[in-house]
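Participant: One letter stands for each residue in the lines below.
Number of protein chains: 2
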Amino acid sequence: MAAFAFDLGAVDGQARAGVLHTPRGDIATPAFMPVGTAGAVKALTMDQVKASGADVILGNTFHLMLRPGAERVARLGGLHRFCGWPGPILTDSGGFQVMSLANISTVSEEGASFASPIDGSRHELSPERSIAIQADLLGADIVMQLDQCVAWPASRAVAGEAMRLSARWGARCKTAFGEREGQALFGIQQGSTDEALRRESSQRLLETGFDGYAIGGLAVGEGHGAMCEALDYVPGLLPADRPRYLMGVGKPLDIVEAAARGVDMFDCVLPTRSGRHGQAWTWEGPINLKSARFADDDAPLAPDIACPASRDYSRAYLHHLVKSGEILAQVMLSWHNLAFYQTLMEGLRAAIRAGRLASFRAQLRAGRRPDA
Amino acid sequence: MAAFAFDLGAVDGQARAGVLHTPRGDIATPAFMPVGTAGAVKALTMDQVKASGADVILGNTFHLMLRPGAERVARLGGLHRFCGWPGPILTDSGGFQVMSLANISTVSEEGASFASPIDGSRHELSPERSIAIQADLLGADIVMQLDQCVAWPASRAVAGEAMRLSARWGARCKTAFGEREGQALFGIQQGSTDEALRRESSQRLLETGFDGYAIGGLAVGEGHGAMCEALDYVPGLLPADRPRYLMGVGKPLDIVEAAARGVDMFDCVLPTRSGRHGQAWTWEGPINLKSARFADDDAPLAPDIACPASRDYSRAYLHHLVKSGEILAQVMLSWHNLAFYQTLMEGLRAAIRAGRLASFRAQLRAGRRPDA
Numbered sequence: 093m094a095a096f097a098f099d100l101g102a103v104d105g106q107a108r109a110g111v112l113h114t115p116r117g118d119i120a121t122p123a124f125m126p127v128g129t130a131g132a133v134k135a136l137t138m139d140q141v142k143a144s145g146a147d148v149i150l151g152n153t154f155h156l157m158l159r160p161g162a163e164r165v166a167r168l169g170g171l172h173r174f175c176g177w178p179g180p181i182l183t184d185s186g187g188f189q190v191m192s193l194a195n196i197s198t199v200s201e202e203g204a205s206f207a208s209p210i211d212g213s214r215h216e217l218s219p220e221r222s223i224a225i226q227a228d229l230l231g232a233d234i235v236m237q238l239d240q241c242v243a244w245p246a247s248r249a250v251a252g253e254a255m256r257l258s259a260r261w262g263a264r265c266k267t268a269f270g271e272r273e274g275q276a277l278f279g280i281q282q283g284s285t286d287e288a289l290r291r292e293s294s295q296r297l298l299e300t301g302f303d304g305y306a307i308g309g310l311a312v313g314e315g316h317g318a319m320c321e322a323l324d325y326v327p328g329l330l331p332a333d334r335p336r337y338l339m340g341v342g343k344p345l346d347i348v349e350a351a352a353r354g355v356d357m358f359d360c361v362l363p364t365r366s367g368r369h370g371q372a373w374t375w376e377g378p379i380n381l382k383s384a385r386f387a388d389d390d391a392p393l394a395p396d397i398a399c400p401a402s403r404d405y406s407r408a409y410l411h412h413l414v415k416s417g418e419i420l421a422q423v424m425l426s427w428h429n430l431a432f433y434q435t436l437m438e439g440l441r442a443a444i445r446a447g448r449l450a451s452f453r454a455q456l457r458a459g460r461r462p463d464a
Numbered sequence: 093m094a095a096f097a098f099d100l101g102a103v104d105g106q107a108r109a110g111v112l113h114t115p116r117g118d119i120a121t122p123a124f125m126p127v128g129t130a131g132a133v134k135a136l137t138m139d140q141v142k143a144s145g146a147d148v149i150l151g152n153t154f155h156l157m158l159r160p161g162a163e164r165v166a167r168l169g170g171l172h173r174f175c176g177w178p179g180p181i182l183t184d185s186g187g188f189q190v191m192s193l194a195n196i197s198t199v200s201e202e203g204a205s206f207a208s209p210i211d212g213s214r215h216e217l218s219p220e221r222s223i224a225i226q227a228d229l230l231g232a233d234i235v236m237q238l239d240q241c242v243a244w245p246a247s248r249a250v251a252g253e254a255m256r257l258s259a260r261w262g263a264r265c266k267t268a269f270g271e272r273e274g275q276a277l278f279g280i281q282q283g284s285t286d287e288a289l290r291r292e293s294s295q296r297l298l299e300t301g302f303d304g305y306a307i308g309g310l311a312v313g314e315g316h317g318a319m320c321e322a323l324d325y326v327p328g329l330l331p332a333d334r335p336r337y338l339m340g341v342g343k344p345l346d347i348v349e350a351a352a353r354g355v356d357m358f359d360c361v362l363p364t365r366s367g368r369h370g371q372a373w374t375w376e377g378p379i380n381l382k383s384a385r386f387a388d389d390d391a392p393l394a395p396d397i398a399c400p401a402s403r404d405y406s407r408a409y410l411h412h413l414v415k416s417g418e419i420l421a422q423v424m425l426s427w428h429n430l431a432f433y434q435t436l437m438e439g440l441r442a443a444i445r446a447g448r449l450a451s452f453r454a455q456l457r458a459g460r461r462p463d464a
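Protein chains in written order, with the working numbering: chain A, 93 to 464; chain B, 93 to 464.
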């Protein structure tokens with residue numbers, strides 16, 4: 093397999109429009125990665141995910157290690173074959189969900205220990221085990237280091253301790269990962285919204301050396317304004333020649349503002365989760381199809397988006413599906429939302445390449461479709 | 093629009109393999125019609141339904157008249173445009189659901205009166221209103237007369253009374269329908285499992301004269317054996333040159349046995365309903381993907397069926413989706429089941445055309461895929 097390579101194509105201010113080459117396909121950046129939590133992007137077939145324009149999807153180590161089990165996925169040929177996605181897959185380390193979803197979890201220098209919310213069984217997740225699951229058993233293309241993410245706000249002491257533990261875990265992950273031609277390992281910067289901690293985190297990660305760098309510990313409750321303030325300096329602390337990945341973000345405006353500050357990769361459950369709850373993203377903002385005001389609305393969600401769910405059905409029909417509790421409502425709105433997000437990313441990349449990101453941001457903020 | 097025409101292509105014993113020509117497309121018979129209850133074949137996009145091999149779908153007047161409302165569907169361009177199915181649509185009359193699903197229903201000579209299970213509102217469904225909804229407001233291609241279906245077993249007096257009321261309603265439906273070039277009206281034979289009543293019903297329907305004839309009042313609890321016994325004489329009471337439609341049937345073996353006795357059209361919620369509950373139909377019979385015995389089964393459901401859900405995913409993956417409560421499990425299994433049913437129908441038609449229906453039936457009964 094060929095090595096990973098990141099071509100930093102065009103820049104517009106701090107924003108970058110490039111390509112992350114992987115052995116399983118190219119990822120145009122800034123990229124949005126749909127979340128395929130447990131081997132499925134919720135409610136959608138992988139063909140629909142691909143048709144929405146996604147180059148890469150994300151898988152959750154926490155969910156997959158508990159069910160169906162990482163060893164089982166390995167026996168069945170790895171995650172790509174298991175779930176039917178032939179393109180690149182990024183897996184998270186499992187750490188974030190262990191600390192947010194597991195019933196009982198304890199964190200030590202060694203790693204995390206937790207009880208499964210499915211059956212109460214005990215599991216250990218060390219840096220080495222996380223790498224074994226992601227890189228060897230699931231066979232992810234992009235592997236994330238195990239880290240500890242703290243809630244916001246956090247004291248400087250707590251944030252600093254978690255950041256330094258994350259850095260030590262990052263070094264152990266690098267050792268466990270070793271040198272691999274066809275797979276990449278990303279480090280994760282922590283440090284809450286404290287610039288000195290973010291700087292120290294970056295320095296420690298750079299000493300270890302990774303194929304890409306993620307920004308963890310943002311979008312955890314600090315709000316759009318505080319996140320943007322942190323992003324004014326955070327990406328600049330990471331190497332310019334490696335992809336930068338802002339984990340768990342976000343709404344369309346969050347993504348565009350982060351990309352404008354030099355972030356290359358994003359993931360978020362929002363488009364699929366909100367789709368399952370009747371919400372559709374549009375250039376004018378989110379709308380809820382449950383509302384009676386759509387009962388006779390013959391217009392599609394977005395006639396200019398090349399997705400059947402966006403273009404070929406009336407809002408009245410989608411309203412009817414939502415009101416009737418049809419599974420197809422969840423399918424259609426999840427599909428539309430992913431297509432909307434990918435159309436947004438395509439426009440964002442084009443704007444960066446054309447040096448007109450400023451007007452793109454202004455038009456999106458004004459609730460208008462940005463010029464093509 | 094061109095007129096309807098039924099080409100009775102090949103026969104093998106009592107079985108027929110023909111084509112029902114409609115202005116919106118040909119229907120190869122024996123045909124299985126997926127049920128699109130409320131403007132959606134549950135869990136599936138219309139593209140998936142089409143890809144499964146369906147020529148025609150069924151819509152439920154009862155559900156659509158209550159939500160979103162027949163007049164609303166008409167304002168939005170009719171049912172085909174509303175739900176995105178450009179091919180032929182058959183609608184039922186609403187009578188069966190009024191009598192089985194409505195909270196409070198009364199039947200008089202005039203028609204049925206009932207309360208909506210959604211909001212308790214009162215509605216009237218006369219023969220004339222049913223035709224107006226189906227033919228004018230929804231714009232169905234094949235319109236069913238309003239009838240009264242009795243439960244099984246029924247006394248001869250009750251079954252006879254319902255049959256004669258159905259015949260009078262059929263005549264009123266014919267008058268209301270009039271002569272239409274692009275739409276067809278089907279009468280419905282009743283009479284429970286009483287041969288004399290079935291004969292009388294047929295004579296009354298023939299006096300009115302319809303474009304096709306449905307067999308109502310079977311598959312209502314009498315069981316496979318009693319249904320087959322009735323079907324030994326029932327289809328022969330209906331004109332040979334018109335399509336015969338056995339309503340609400342059924343399992344694969346029910347369909348094949350009915351087709352062998354001269355039935356041309358079928359509909360049933362079974363493939364989609366069982367798919368939503370984790371069940372997949374296979375040549376060996378139905379299997380439940382919830383079972384732990386599929387946890388490590390790397391084989392697809394049916395490698396020889398040209399449907400992604402049948403061919404491209406392991407039973408282990410589908411088991412995982414079912415266990416995880418993923419919506420995609422319901423999508424995949426509904427899709428596979430419809431594709432399985434359509435593959436069955438294709439094989440059935442080919443067997444009739446080749447004069448080898450006997451071996452087709454024997455192989456299916458033995459739990460083997462019938463020879464192509």
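It is worth saying that the hints were derived from the structure and are not from the lab.
Here the structure is a predicted model, which means the values were calculated and not measured.
Hints are not guaranteed to be accurate.
Identical copies look the same in the list; a pair holds intra-copy or inter-copy alike.
Claimed, not checked - Quick list of in silico lysine-lysine cross-link-like pairs, DSS-like style, CA-CA up to 30 Å:
no., residue 1, residue 2
1, K142, K415
2, K382, K266
3, K343, K382
Participant: Please write out, lowest number first, the hints stated earlier that are contradicted by the structure.
Facilitator: Number 2 only.
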